[in-house]
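2 protein chains.
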Amino acid sequence: MIDPASSVLLTDLYELTMLQAYHDRGMNGTAVFEFFSRKLPPQRNFLIAAGLEQAIEYLCGLRLATEELAFLESTGRFTSAFLKSLEDLRFTGDVHAMPEGTPFFPDEPILRVIAPLREAQLIESRIVNLLHFQTVVASKAVRMVLAAPERLLVDFGLRRAHGAEAGLLSARASYIAGFSGTATVLAGMRFGIPVFGTMAHSFIQAHDSELQAFENFVRSHPAKATLLIDTYDTVAGARKVARLAARLARDGMTVQGVRIDSGDLGECARRVRQVLDAEGMQAVSIFASSGLDEYALRDLAAAPIDGFGVGTKMNTSADAPYLDCAYKLVEYDGRPKRKRSEGKATWPGRKQVYRRFNADGLIEGDTLTVEGDLQEGTPLLKAVMKGGRPVGGSPSAQAVREYVRTQLAALPERLRLLDHADPFVPTCSEALRLLASQVDAEAECAGQ
Amino acid sequence: MIDPASSVLLTDLYELTMLQAYHDRGMNGTAVFEFFSRKLPPQRNFLIAAGLEQAIEYLCGLRLATEELAFLESTGRFTSAFLKSLEDLRFTGDVHAMPEGTPFFPDEPILRVIAPLREAQLIESRIVNLLHFQTVVASKAVRMVLAAPERLLVDFGLRRAHGAEAGLLSARASYIAGFSGTATVLAGMRFGIPVFGTMAHSFIQAHDSELQAFENFVRSHPAKATLLIDTYDTVAGARKVARLAARLARDGMTVQGVRIDSGDLGECARRVRQVLDAEGMQAVSIFASSGLDEYALRDLAAAPIDGFGVGTKMNTSADAPYLDCAYKLVEYDGRPKRKRSEGKATWPGRKQVYRRFNADGLIEGDTLTVEGDLQEGTPLLKAVMKGGRPVGGSPSAQAVREYVRTQLAALPERLRLLDHADPFVPTCSEALRLLASQVDAEAECAGQ
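Which chain is which? The protein sequence lines are A and B, in order. Each position in the first sequence, counted from 1, maps to that position plus 56 in the numbering used here. Each position in the second sequence, counted from 1, maps to that position plus 56 in the numbering used here.
Extracted from the complex, chain A is given alone in its bound form (with noise of 0.2 Å):
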């Protein structure tokens, strides 16, 4: 069965329709699309840039099968000619696009896309679905971070993600934020990020005892056992589990750590804390997980906990879900262009975003402004696929990683709060102005 991850039919039918259309007219001049958020989630002061890496995989493997273009011959809707056509489609354009990990705000795109017209129309939506996920996912994550910034924090969503992509992805896109890693394994195959796990309520259901569950699961995983305590009552949880540690300890045995996964959790976890505390266990980390975000691991700052599990409301991005984003036309054949939609009108031409940044090192705000026109600053889209092939290789997850932690540190106070502050919106330039009032001039004169 073709995998939807690499099937070039993994997209509106409309690209393809409009293909028939460009190939019937003799259209593929070169087209320059790029992809921005229009507004953030009220929520978000600030969006993480994500997806990069599958987007460029997905360019450097476009092709066709052999049964997808049969398929497409089977509805009727193409000629036999613009089928053909399609037999030696490949991604032949290029690429300029911000790291990922980095901070963007409204307007400021995060990729381009120059490439003939059919190339840089067909990719369009799965170019969409993939940067948007990520994005969305590293956005919700990193606020999670910067909430508790000293804690072990891991994916634990596999299971509410939206399908196995999401799961994979949400996996990906924690990690770059600052998560220390995941519960999905095929996320540490795919992607080397660390693989966590503990057990779950069926395991100590399974055992006719909790303490005979506990010592089982110990006695597999002498140095790496995280024993769920909450299946019948907490606090009595944590003393079968001090008991047992003191007596495999004689063995050589450890428990690594206990897991709270219901009831009051910072409460459970301070009664827990000192149960093995008492009994001279405080090697025995404490992990929590329950439904958590942003604002329940802020409400639990105080709480003995060192490390949480975090799931659905990360992985589903629970409180924003999507973006407000889209893949534009900006230039065909050498003529800047743009959309005028009531609310939905976008700024010609091919840009750049610069940023600036303050002595200490803060971002102090970024300019919007064509591709040539110089301005203060770092100029943040860089070149990452030339004539259809990458350009300098992909950074690692761990790499991206790292970039983000440097970026977050730049970020001004207020942004890297949980609370609503407004988000940087970038300087137009006046030559983005000026393009702007020029493209409208010609279409009036066109009779748009």
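Worth flagging that the hints you see were computed from the coordinates, not collected in a lab. Treat the hints with care, since some could be wrong.
Because identical chains share one entry, a pair is satisfied inside a single copy or across any pair of copies.
[Stated by the list, open to error] With a straight-line cut-off of 16 Å between C-alpha atoms, the simulated EDC-like cross-links for lysine to aspartate or glutamate are:
no.: 1; residue 1: 400; residue 2: 496
no.: 2; residue 1: 442; residue 2: 113
no.: 3; residue 1: 438; residue 2: 427
no.: 4; residue 1: 400; residue 2: 320
no.: 5; residue 1: 140; residue 2: 129
no.: 6; residue 1: 280; residue 2: 458
no.: 7; residue 1: 280; residue 2: 429
no.: 8; residue 1: 280; residue 2: 416
no.: 9; residue 1: 95; residue 2: 478
no.: 10; residue 1: 400; residue 2: 289
no.: 11; residue 1: 400; residue 2: 163
no.: 12; residue 1: 442; residue 2: 486
no.: 13; residue 1: 442; residue 2: 475
no.: 14; residue 1: 442; residue 2: 289
no.: 15; residue 1: 140; residue 2: 123
no.: 16; residue 1: 140; residue 2: 124
no.: 17; residue 1: 400; residue 2: 380
no.: 18; residue 1: 95; residue 2: 380
Given chain A, put chain B in place with the hints provided.
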């Protein structure tokens, strides 16, 4: 590269660490797990069971690839004997489930797995991932169907769905909920779902004139063109379409419809309808899109709009992107089990849901009981796998869609409305209460 959709490693690490411990103790008795939702989001009056077909496919294909075993070995967490035992792992169990498309309520299992412990445990993460997601989307999409019962509804949301599988499976889930089709081409190929498409603003912008863009598109799609008219000025766009349609009619070409994607959709549609009708173009339909959800559809009930493209808010189930659901051990080695964690207690034993209907065929209520305890009504859980093989064959997406239609008709009116109504809560039978007390009494004796 391994397709995450079928990878056994698309699982939480704890499934595997528990299996290691089970292996070490030789624990592999028959386990029974049930999947259910603890409570409904406040914005849902019922849920629609979905995802069963993909769950069965996953179980039928369960096996570890050589490179997956190699990765597990490389982690150093597992013994060679255990990894060796995984080589021939297959799913050999029985599965009972509610048919896809069945409305269900809190605490009602929609799927039960009866299998050797290691199999029933290992599949947890992905089974939840599959059932949860499509249930979330079908339960959202059906609200849109109820809000706009006579309109064409098309899934437009691939780009903001959470990844590749979410795009593909949200097309399926919305179709079975009653949508007319999807824009996602691969969903047409994979599930036989009707595929719809219009055009993007970029198509208009790539041309020097909007009129020329319209004409080029119609000439390439002479019977199936829906023209996007809001790139510059919606009403002016409609006038161009009217002039063009009159001219192309002489060549035997028709314009099927127009699409509006911005502004006040109701007001724009009324003005566009006037323009088209004044030119005798009553047959040209109006299609609208732009951030629609069920409430927007309800507000547009009186607008002259024939169909809607519904995207992001449906595909992400934006107002309730996840369910409080679980896959819980209810029996091991012949003994019923339950969990008593604070706020997360579950009912023990293999259960059945009986649904009662009144003389008009409307649902009166459900009874939750232990399997084998006959109750009034129709039992909802039926065998779908026996000994690891599917029983009876999977209904087509079309058949499930038709079943959903009949199920919606059987819901009481108050549950079909968008506003919050108390959903049914199943009556727990005497037999089930008795079993729960017995299990608790045994646990007390065991000192849990």
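Cross-check of the supplied hints:
1. 400 / 496: Cα proximity of residue 400 and residue 496: one copy only (15 Å, versus 60 Å across).
2. 442 / 113: within (14 Å within a copy, 40 Å between copies)
3. 438 / 427: within (11 Å within a copy, 63 Å between copies)
4. 400 / 320: This pair counts as between: shortest inter-copy Cα distance 12 Å, intra-copy 45 Å.
5. 140 / 129: within (10 Å within a copy, 46 Å between copies)
6. 280 / 458: neither (26 Å within a copy, 51 Å between copies)
7. 280 / 429: neither (56 Å within a copy, 44 Å between copies)
8. 280 / 416: Answer is neither; intra-copy 42 Å and inter-copy 59 Å both fail.
9. 95 / 478: within (11 Å within a copy, 36 Å between copies)
10. 400 / 289: between (55 Å within a copy, 12 Å between copies)
11. 400 / 163: within (11 Å within a copy, 44 Å between copies)
12. 442 / 486: neither (29 Å within a copy, 70 Å between copies)
13. 442 / 475: The answer is neither: 41 Å in one copy and 53 Å across copies each exceed 16 Å.
14. 442 / 289: neither (60 Å within a copy, 37 Å between copies)
15. 140 / 123: For residue 140 and residue 123, only the intra-copy Cα distance (13 Å) is at most 16 Å; the inter-copy one is 37 Å.
16. 140 / 124: within (12 Å within a copy, 38 Å between copies)
17. 400 / 380: Within. Shortest intra-copy distance 10 Å satisfies the 16 Å Cα cut-off; inter-copy 36 Å does not.
18. 95 / 380: So residue 95 and residue 380 pass the 16 Å test inside one copy only (6 Å; across, 30 Å).
Taken one by one, the earlier hints fail for this structure at numbers 6, 7, 8, 12, 13, 14, listed in ascending order.
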